[in-house]
Amino acid sequence: MLAIFIKRILLAIPVIFAVASITFFLIKLAPGGPFDADKAVSPQVLKNLNEAYNLDATNWEQYIDYMTNLAQGDLGPSFRFPGRSVTEMITTGLPVTFELAFYAILIALFMGVFSGVLAALKRNTMFDFIPMAIAMIGICVPTFLMGPLLVLIFGINLEILPVSGWGQLPGDKILPSLTLGFAYAAYIARLSRGGMLEVLNQDFIRTARAKGLTEKMVVIKHAMQGGLIPVVSFLGPAIAGLLAGSFVVETIFQIPGLGRFYVEAAFNRDYTMILGTTIFFSAMIVFFNLLSDLAALWLNPRSRDAS
Amino acid sequence: MYKKIILMPLALIFFYGCSQNISPVDSAIESGIFHFGNGSEPQGIDPHIVTGVPEHHLLISLCEGLTIANPNGGANLPGVAESWTISEDGKEYIFYLNKNAKWSNGEVMTADDFVWSWMRILTASLGSQYPDMLYYLEGAEEYHTWVSKEDLNSMLANELSNDADPEIVFSIEQSLMNHKPKPLFDTVGVKAIDEHTLKVNLKSPTPFFLGLLSHYSTWPAHKETVLKFGEIDDRNGEWTRPGNFVCNGPFQLKSWELNNKIVVEKNPHYWDSSKVRLNEMHFYPVSNVMTEDRMFRAGQLHLTSTLPSQKCPIYIEENNPDLRIDPYMGQYFYRLNINNPALQDVRVRKALAYTINRKLIVEKVTKCGQIPAYSFTPPGSNGYYPDTEIPFDPELAKQLMMDAGYSDSNPFPKIEILFNTNEDHRKIALAIQQMWQQNLGIEVELVNQDWKVYLSREMVGDFQVSRAGWIGDYEDPNTFLDLMRPNRGNNKTGWEDANYDAIMKKANSTNNQEERYELLNQAEELLIDNMPIIPLYTYVRAYQLSPDVKGYSPHILDHHHPKFIYLERD
Numbered sequence: 006m007l008a009i010f011i012k013r014i015l016l017a018i019p020v021i022f023a024v025a026s027i028t029f030f031l032i033k034l035a036p037g038g039p040f041d042a043d044k045a046v047s048p049q050v051l052k053n054l055n056e057a058y059n060l061d062a063t064n065w066e067q068y069i070d071y072m073t074n075l076a077q078g079d080l081g082p083s084f085r086f087p088g089r090s091v092t093e094m095i096t097t098g099l100p101v102t103f104e105l106a107f108y109a110i111l112i113a114l115f116m117g118v119f120s121g122v123l124a125a126l127k128r129n130t131m132f133d134f135i136p137m138a139i140a141m142i143g144i145c146v147p148t149f150l151m152g153p154l155l156v157l158i159f160g161i162n163l164e165i166l167p168v169s170g171w172g173q174l175p176g177d178k179i180l181p182s183l184t185l186g187f188a189y190a191a192y193i194a195r196l197s198r199g200g201m202l203e204v205l206n207q208d209f210i211r212t213a214r215a216k217g218l219t220e221k222m223v224v225i226k227h228a229m230q231g232g233l234i235p236v237v238s239f240l241g242p243a244i245a246g247l248l249a250g251s252f253v254v255e256t257i258f259q260i261p262g263l264g265r266f267y268v269e270a271a272f273n274r275d276y277t278m279i280l281g282t283t284i285f286f287s288a289m290i291v292f293f294n295l296l297s298d299l300a301a302l303w304l305n306p307r308s309r310d311a312s
Numbered sequence: 003m004y005k006k007i008i009l010m011p012l013a014l015i016f017f018y019g020c021s022q023n024i025s026p027v028d029s030a031i032e033s034g035i036f037h038f039g040n041g042s043e044p045q046g047i048d049p050h051i052v053t054g055v056p057e058h059h060l061l062i063s064l065c066e067g068l069t070i071a072n073p074n075g076g077a078n079l080p081g082v083a084e085s086w087t088i089s090e091d092g093k094e095y096i097f098y099l100n101k102n103a104k105w106s107n108g109e110v111m112t113a114d115d116f117v118w119s120w121m122r123i124l125t126a127s128l129g130s131q132y133p134d135m136l137y138y139l140e141g142a143e144e145y146h147t148w149v150s151k152e153d154l155n156s157m158l159a160n161e162l163s164n165d166a167d168p169e170i171v172f173s174i175e176q177s178l179m180n181h182k183p184k185p186l187f188d189t190v191g192v193k194a195i196d197e198h199t200l201k202v203n204l205k206s207p208t209p210f211f212l213g214l215l216s217h218y219s220t221w222p223a224h225k226e227t228v229l230k231f232g233e234i235d236d237r238n239g240e241w242t243r244p245g246n247f248v249c250n251g252p253f254q255l256k257s258w259e260l261n262n263k264i265v266v267e268k269n270p271h272y273w274d275s276s277k278v279r280l281n282e283m284h285f286y287p288v289s290n291v292m293t294e295d296r297m298f299r300a301g302q303l304h305l306t307s308t309l310p311s312q313k314c315p316i317y318i319e320e321n322n323p324d325l326r327i328d329p330y331m332g333q334y335f336y337r338l339n340i341n342n343p344a345l346q347d348v349r350v351r352k353a354l355a356y357t358i359n360r361k362l363i364v365e366k367v368t369k370c371g372q373i374p375a376y377s378f379t380p381p382g383s384n385g386y387y388p389d390t391e392i393p394f395d396p397e398l399a400k401q402l403m404m405d406a407g408y409s410d411s412n413p414f415p416k417i418e419i420l421f422n423t424n425e426d427h428r429k430i431a432l433a434i435q436q437m438w439q440q441n442l443g444i445e446v447e448l449v450n451q452d453w454k455v456y457l458s459r460e461m462v463g464d465f466q467v468s469r470a471g472w473i474g475d476y477e478d479p480n481t482f483l484d485l486m487r488p489n490r491g492n493n494k495t496g497w498e499d500a501n502y503d504a505i506m507k508k509a510n511s512t513n514n515q516e517e518r519y520e521l522l523n524q525a526e527e528l529l530i531d532n533m534p535i536i537p538l539y540t541y542v543r544a545y546q547l548s549p550d551v552k553g554y555s556p557h558i559l560d561h562h563h564p565k566f567i568y569l570e571r572d
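Here the protein sequences come in this chain order: W and Y. Residue 6 is where the first sequence starts when you use the working numbering, and the numbers rise one by one after that. Residue 3 is where the second sequence starts when you use the working numbering, and the numbers rise one by one after that.
Calculated directly from the structure, the hints in this document are not laboratory data. Hints are not guaranteed to be accurate.
[Stated by the list, open to error] With a Cα cut of at most 27 Å, we get these calculated DSS-like pairs of lysine-lysine: (1) W:Lys44 - Y:Lys508; (2) Y:Lys454 - W:Lys52; (3) Y:Lys184 - W:Lys52.
[Stated by the list, open to error] Non-contacting residues of chain W with respect to chain Y, defined by C-beta distances greater than 10 Å in every case (computed): (4) Leu54; (5) Phe134; (6) Ala213; (7) Ala215.
[Unchecked claim] If you want the footprint, here are the derived chain Y segments under chain W, 3+ residues with CB under 8 Å: (8) 279-290; (9) 296-302.
Every value quoted in this text rests on a predicted model; they were computed, and no experiment measured them. The beta-carbon is built from N, C-alpha and C at its ideal position, and this holds for glycine as well.
Same shape as in the complex, but just chain W:
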């Protein structure tokens, strides 16, 4: 296990290096620069600004500069927000995005696994059809519709929850977590139903039942361990997706997370911020994929032995 882990970590380094390099040159290709504004500045001022941020050097020099700093863990200053470093902005946004993703994944797992397993056990009954229909809606309804809908019902009509914010008013974390969690709950429900159905027909389940185990034991101890492997494999990319994709929910609910920095940086041509967040998110994605692969290995002894 440890060897696999180390090997994968080492493989991640060139991946992130490639991401950083490609991103660096891609954003230089995009028209417009960080200091283009509605009110155009004079060429003199633009020159001063470019000098202040080393943008007057050739792309190649800038690239070497950036990579040298990156190797030392320095992501540079933000162009859009003078006086703030990219590292500072990532470290302020990250805990919030993590917390939101954590609640969302809890909600998704709780709702998804519960209804998926239930649907598999009570196949072709109401307990199957209704949760699966809801799951289908969850997959189809995008978060930018689900969020405002929930806000309209709970925030504005019933007036029992705040419509926005994060940690400012009591209960303001509920709606964003639900909105983000619901989309993933739907996927997890379908995955766990499928996984469970496959496992429940297998011989070892029949053996377990024949041994006289209670149905509860059969499901929890034997069936779920194998049936939920697809869910576990899905979790890695899902968590990474939650982190990087929380932008929509963060915008709808006015949450000070990293996703908003990420997307707005691109609009602002805030070069260092785009690079910093992209590198950070790619590292996250690599890391969580690795974790979920390891978890899947651990759950499935056969593939563990094979490797």
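Fit chain Y to the given chain W structure using the hints.
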């Protein structure tokens, strides 16, 4: 058991719901906290570096210039300067500073503070984007734009190594020949006569100079604090952080959570603090207008920065008491690229302008109280009413097109309207596309681009017709008309007219306001007669304001000094 599990989250929601029944707006009557929807996350609060509206809203609570905008419109009111005298020729201003004016750390403010702050914004290496606000001072432009001999030489070498543009080469050689050593700041027209007296010398009479002083770029920065965290030209100094920041406004910075909330609290050292009735202001960077609208409806905001445009007509129809539509000194117009062969003929440009039904656009497309525009400067800017006309006359337009040589056998080439991606701009462009197609038979293509791409295409002149907007920086027609002079970076149309430039120059050298407006009107007429821009409508400020907020008067530049604002429930 299943039921219990399902009911639990609902119960949780309900529990939270019960604990929260007083909205921030309700509790604000007691606490004196003003909840302010501020658009987007401010870039910062360094008055000499930042640009933009959210930054302005925040800065107006934190710092104060020599004068402040009058909430009822008209002449500026005393700020740090308690009174001032203007010489007869209108070129020398003496400001007498209020002896009670203090920094938020309790230090007394001096005339030197202003001299140093203006030196800072005019320091080229700071890279301020607003130094031209002080170019009206004697020697300021020369001080700011001075380039060293080495730099000029390297510019020349650079130019010669690429495809040399003879005009640029010539101008660099000229500058090299007339090169002078770096001017001292002493040559700039601002001096401290004594601790509390500031003398300002202008290049020419500038009747709107007092108005400029309520723009944040002319506001002071606290020298010791700035220098403690960096050099005079340091853009990234941490002096603007909570705990470090020192300024002289009615409020002081308390906390700053990125993308979440900025809190400012009453500054006890402010010279007029007895007038300040709010205890705190909370600024929320809500960039999503729908979210902002929901926050307002749920009582989380007193004031929104704007309004979802599709909701404006609905709120008007519903007589929503919270809806405010204030006059605003901004113009929505189209730029025409004069360097484009199809648009070089003034008859074509006029024909395009005469086939736009502006009334229809404001009534059926924008639908939020906007006013059709027939001049470049919004009428009524500080008593200036341009008497230009742009008829809606398709017959005349057709004739003009024929005169320009276009007919069925020689149709006008297809043209493009460039705009930044935005539903409102698209709707207007669609309407105009329809009008041009119908009235002139011109094929029009709509091209939308991401904001930065749009800006850079406009900048390099890669467009035919492009959507534009301009908001006045100060209350004077000059803030508009100056734009269209040759060599102005925001002209962007390629239109240059020596006559226009001469009239503008003349207008800005007279000290007689009546004569000046007369000249500006002439310039305006010349501009509309050449039509490098097509004015469409005058903006309005549409937003929502809680009825608890008092003293928030409409202001044409959207300046609202917080010392006049208070909260009270009727």
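For each hint given before, does the structure comply? Return the numbers of the non-compliant ones in rising order. 4
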